[in-house]
Amino acid sequence: MTSANSTTDSCGLSVIIPVYGNVLTLQRTLDSVDTSATADHGDFPIEVVVVFDGLIDASDELVAAWKPQSPRVILSAHHIAHGGIGHARNAGIKDAQYELLTFLDADDELTSTRLGLVRDDDDASEEVIIGVQSIRVENNATIPGPYVPTSVDAPRRPQYYPTSMLVRRETMLAIGGFDESYAVGDDIDLVMRLTESGIPVRMVDEVVVIRYFHGANASYDEQVSEGDFFKAIRGHMRRVREQDDGIQGH
Amino acid sequence: MAYKVTDTHISHDTQGNETVVIDFSGGTYYSLVGTASTMWVLAASGATDAVIVETLTSRYDGDAAVIADQTTSFLADLIARGLLVASDSTFDAAVTARVTRTSWSEPKLEAFNDLNDLILMDPIHDVDDAGWPHPKGDVD
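Chains as they are written, first to last, in my numbering: chain A, 659 to 908; chain B, 1399 to 1538.
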């Protein structure tokens, strides 16, 4: 990552939204932040950091025309050269003005529950909070892999969504941000590296994002998704083994 | 008996001499290196016990009885863990040609359980708008 804004404010939340060809869904995504800010009982400011990942389309005009109803919500838009989702998220981290960060895909919706987690957040804690996703399917789409169905008798479990985390910018900078070599698995990789670094990751069973499957999600490329997943797992195993070897070597 | 990968909840990937297997139902992931990886590739290709033992004893330097015993035990462990199941599928014999000759070492499987929360996958097809823990049709 490149050097970051050193004048962040500790009492607010920056919502980083990478945009690449999301003109059909972006309005809904932006409005979800506005609606959540209105529903939430907090009073901290919310910065929507839109990062255009190198594609010029109508989403630019859509963002320029977007006027949030909640006085808590401010908008900042940034254009960068195309570099992929991790690159765009890292650019958003660099430009965010608040110390507490969260991420939102430009085809998903943020819930007010996520803002409630901010109110419960301890300013001094380096803890990373990850919530649960709720799934909606539209356009008669199917749910893509790698969500392999298990037995119908299996106990129901929460579906943690790594990118929906609440995390301090300082933490993201210290860990080097998202690995930009991933096409879609940068979020899984990041959580693994956070865990390896000893940073506490708390999974909360609250729905913090409504995730849409609409037939055009990047995760429909099963080969890429699976490849990134295994890449993250292999990277994690390598680092764990190196740590173990280092411990045994001392 | 022929084998195949349990296709309901297991993903696997082999690169070089290591196979990584992910069990999405339990959240455990595994590393199989060397002879263990070779055995996995053969079993995943639909090989029978007999073919696997024959291939390994002919391609590895070692005591044939030891290779056969350790192979049988290891395959049983993979079955017990739910990673492989019995199959009547046909075997792609071309896979045996890719087994390179080397010294035999006891196949070992390394299991990791540190990422359960991230790996565990439940059927999300029937989660209602309210998300977990509200199943579809839950009126509460």
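Honestly, the hints are just simulated from the structure, not real lab data.
Be a bit skeptical, because a hint or two may be false.
Distance condition first, Cα-Cα at most 25 Å in a straight line; then the derived SDA-like pairs of lysine to any residue [as the list claims (entries may be wrong)]:
1. A:K725 <-> B:G1414
2. A:K889 <-> B:S1409
3. A:K889 <-> B:R1457
4. A:K889 <-> B:N1415
5. A:K889 <-> A:E864
6. A:K889 <-> B:K1506
7. A:K725 <-> B:E1508
8. A:K889 <-> B:D1512
9. A:K889 <-> A:D879
10. B:K1506 <-> A:R899
11. A:K889 <-> B:L1507
12. B:K1506 <-> A:A841
13. A:K889 <-> B:L1513
14. B:K1506 <-> A:M895
15. A:K889 <-> B:A1474
16. A:K889 <-> B:T1453
17. A:K889 <-> B:T1404
18. B:K1506 <-> A:R892
19. B:K1402 <-> A:G904
20. A:K725 <-> B:T1406
21. A:K889 <-> B:T1455
22. A:K725 <-> B:G1480
23. B:K1506 <-> A:F888
24. A:K889 <-> B:A1400
25. B:K1506 <-> A:D902
26. B:K1506 <-> B:T1453
27. A:K889 <-> B:S1456
28. B:K1506 <-> A:K725
29. A:K889 <-> B:G1414
30. A:K725 <-> B:T1404
31. B:K1402 <-> B:R1457
32. B:K1402 <-> A:R892
33. A:K725 <-> B:T1412
34. B:K1506 <-> A:Q755
35. A:K889 <-> A:A841
36. A:K725 <-> B:K1402
37. A:K889 <-> B:E1508
38. B:K1506 <-> A:D879
39. A:K889 <-> B:H1410
40. A:K889 <-> B:G1480
**Q.** Which numbered hints fail
**A.** 1, 3, 5, 7, 12, 15, 16, 19, 20, 21, 22, 24, 27, 28, 30, 33, 34, 36 and 38
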